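Model the placement of chain G on the given structure of chain C, informed by the hints.
Residue numbers (full-length UniProt numbering), protein chains in the order written: chain C, 1 to 320; chain G, 1 to 320.
It is worth saying that the hints were derived from the structure and are not from the lab. Since the model is a prediction, treat every value here as computed from it, not as a measurement. Any given hint might turn out to be false.
Beyond 12 Å from chain C on every Cβ pair, some chain G residues (computed) [claimed, not checked]:
1) Gly17
2) Met85
3) Ala175
4) Leu185
5) Leu257
6) Gly318
Covered stretches of chain C, going by a simulated chain G footprint (3 or more residues, C-beta under 8 Å) [as the list claims (entries may be wrong)]:
7) 68-76
8) 189-198
Listed below are the simulated DSSO-like cross-link pairs for lysine-lysine, each with C-alpha atoms no more than 30 Å apart in a straight line [claimed, not checked]:
9) G:Lys75 with C:Lys111
10) G:Lys111 with C:Lys55
11) G:Lys111 with C:Lys86
12) G:Lys75 with G:Lys140
13) G:Lys55 with C:Lys299
14) G:Lys196 with C:Lys55
Glycine included, every Cβ here is placed at the ideal spot set by N, Cα and C.
2 protein chains.
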Amino acid sequence: MAVYTQVSDAQLAAFLGQYDIGRLVSCKGIAEGVENSNFLLQTEQGMFILTLYEKRVAAHDLPFFIGLMDHLAHKGFVCPLPVRMKNGDALGELSGRPAAIVTFLEGMGVKEPSADHCRMAGETLARLHLAGEEFAIRRKNALDPSGWRPLAQNAGARADAVEPGLAALIADEMAFHDAHWPTDLPTGVIHADFFKDNVFFLNDALSGVIDFYFACNDMFAYDLAITVNAWCFDGALRFESDKAKAMIEGYQSVRMLGDAEKLAFGTLCRGAALRFLLTRLNDWLDVPTGALVMPHDPKEFSERLRFFRDNSIDRLMGLV
Amino acid sequence: MAVYTQVSDAQLAAFLGQYDIGRLVSCKGIAEGVENSNFLLQTEQGMFILTLYEKRVAAHDLPFFIGLMDHLAHKGFVCPLPVRMKNGDALGELSGRPAAIVTFLEGMGVKEPSADHCRMAGETLARLHLAGEEFAIRRKNALDPSGWRPLAQNAGARADAVEPGLAALIADEMAFHDAHWPTDLPTGVIHADFFKDNVFFLNDALSGVIDFYFACNDMFAYDLAITVNAWCFDGALRFESDKAKAMIEGYQSVRMLGDAEKLAFGTLCRGAALRFLLTRLNDWLDVPTGALVMPHDPKEFSERLRFFRDNSIDRLMGLV
Chain C
1 MAVYTQVSDA QLAAFLGQYD IGRLVSCKGI AEGVENSNFL LQTEQGMFIL
51 TLYEKRVAAH DLPFFIGLMD HLAHKGFVCP LPVRMKNGDA LGELSGRPAA
101 IVTFLEGMGV KEPSADHCRM AGETLARLHL AGEEFAIRRK NALDPSGWRP
151 LAQNAGARAD AVEPGLAALI ADEMAFHDAH WPTDLPTGVI HADFFKDNVF
201 FLNDALSGVI DFYFACNDMF AYDLAITVNA WCFDGALRFE SDKAKAMIEG
251 YQSVRMLGDA EKLAFGTLCR GAALRFLLTR LNDWLDVPTG ALVMPHDPKE
301 FSERLRFFRD NSIDRLMGLV
Chain G
1 MAVYTQVSDA QLAAFLGQYD IGRLVSCKGI AEGVENSNFL LQTEQGMFIL
51 TLYEKRVAAH DLPFFIGLMD HLAHKGFVCP LPVRMKNGDA LGELSGRPAA
101 IVTFLEGMGV KEPSADHCRM AGETLARLHL AGEEFAIRRK NALDPSGWRP
151 LAQNAGARAD AVEPGLAALI ADEMAFHDAH WPTDLPTGVI HADFFKDNVF
201 FLNDALSGVI DFYFACNDMF AYDLAITVNA WCFDGALRFE SDKAKAMIEG
251 YQSVRMLGDA EKLAFGTLCR GAALRFLLTR LNDWLDVPTG ALVMPHDPKE
301 FSERLRFFRD NSIDRLMGLV
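If we strip away everything but chain C, and leave its shape as in the complex, we get:
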């Protein structure tokens, strides 16, 4: 949740003057997204989201993110559509930051999803994977195993202050993935952050997906593994196999997993847990300067990681 950059009246007026979206009625900073500053704009034409991209988002990645939303929306995938300025550009500058306006999506994230919600999330994730085919720009996953290493090194022994034994767990897990991380699975555009707050429902139907700022090219099945991590544990961090089953069934109703993906799924779930453990641990140990968010507890993902180390999810799910 955050508004990191303040926008002056004159700057906002000049920026909106580049668009053809009617006069501004209200503008409220919204507590959504931890990387960027977001504002809910109400104009005579309706509601929009204005995003100012802060330093943690690399400017050279923005054509990928904006272009991807545009591509997906035009493929019929329900996500925010970047609004073009009168000159045709979808990316501008406001208060010294890259900035874009996208359409507003109705609906809300569910905090306690049912198996049905998980099924719809799985279906929609697979649709995203198919809709992303033919998208021309490519972006490497900055948080693949090679991106985990500096995070693991930066935390180092300090991890044990968060949770005794955590440093050894991370070191062991890094070694495991050095040996076992799959390299031959089907890849394409993945969301990479398909968490519950990024998937909206309205009247119990899935109404759209937001926040493509971790999207990249990587393994489809890894995206599903991230999503199982995010949706299929209860508040006490107990794995909920009915939800995971429903999610995987939903996914496969749109895109079948191949044998190699099924076989690797346990490893991918461990990797996904490790990836979020590492970023949370680093934010926890070194709270970013000026952060206006409470850091997430890294233990939520060390617990998940331990679960996936101790349990063979591919067998649990009947995948192998």
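What follows is chain G alone, placed relative to chain C:
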């Protein structure tokens, strides 16, 4: 900017079930208000603001705040109207916090007001003072001079770490107000926080006033002095006499200031600067636990205080 309390899906659904405002379409935490958690609700019937009252707002004051908005709105003053539940109550409970829903006001605060904006602000402040007559509930100003003393004591010598000489300035100013704070001026309901972000404009007309959570019974002219402090200095903290003149003229076009109010106005401006200096200084020195806002710089008000000590605003404005 803040969302301090998380609300579960089930809690929100149960809470909204007590109202007759249609089905929920979206709910976004908004970065507005430093004391409470605020959410922008979109329902089939329109937009609303949901507020969860956090610990810094005393529960026993809520009937005053809610009742005042209700009273003012029914007097034709443009402010959020508390929405009543089916049972007639305007104050409920959500996630263990007192909570209320109010109507959404269109418009936005101006960050760089013109003299015309200041004139409208002055007019509207006077209208608020008149509309508050006959409001039955009373609330003492917790931040009057007797409320400043513990803040001054808590800061103590630490103030000098923020700005050399600040501790002596505060001590001297406290002694001045002990001797000179007026006690015989006209009183009534005041807003007490009529800052630029709490006064909305739409297409250059004043569209409404929000955030009544410092409102109380105190001197009308003190409310105007707070407002001059908030609106009539530029970004470099230079006093803008044209804006102050327009504001006071606007105020007097609705409610004339008496001679005693004019004579005391310089003292009231000093007191207003001191009041915001003290609260900001305390938040700066002792950042409240779990705060999700960057503390405001107390120097913005020590500068104003020095201006009002060095310049006779009542003469500057032609009041005496």
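Among all the numbered hints in the text so far, which are the ones the structure does not match? Numbers 7, 8, 9, in rising order.
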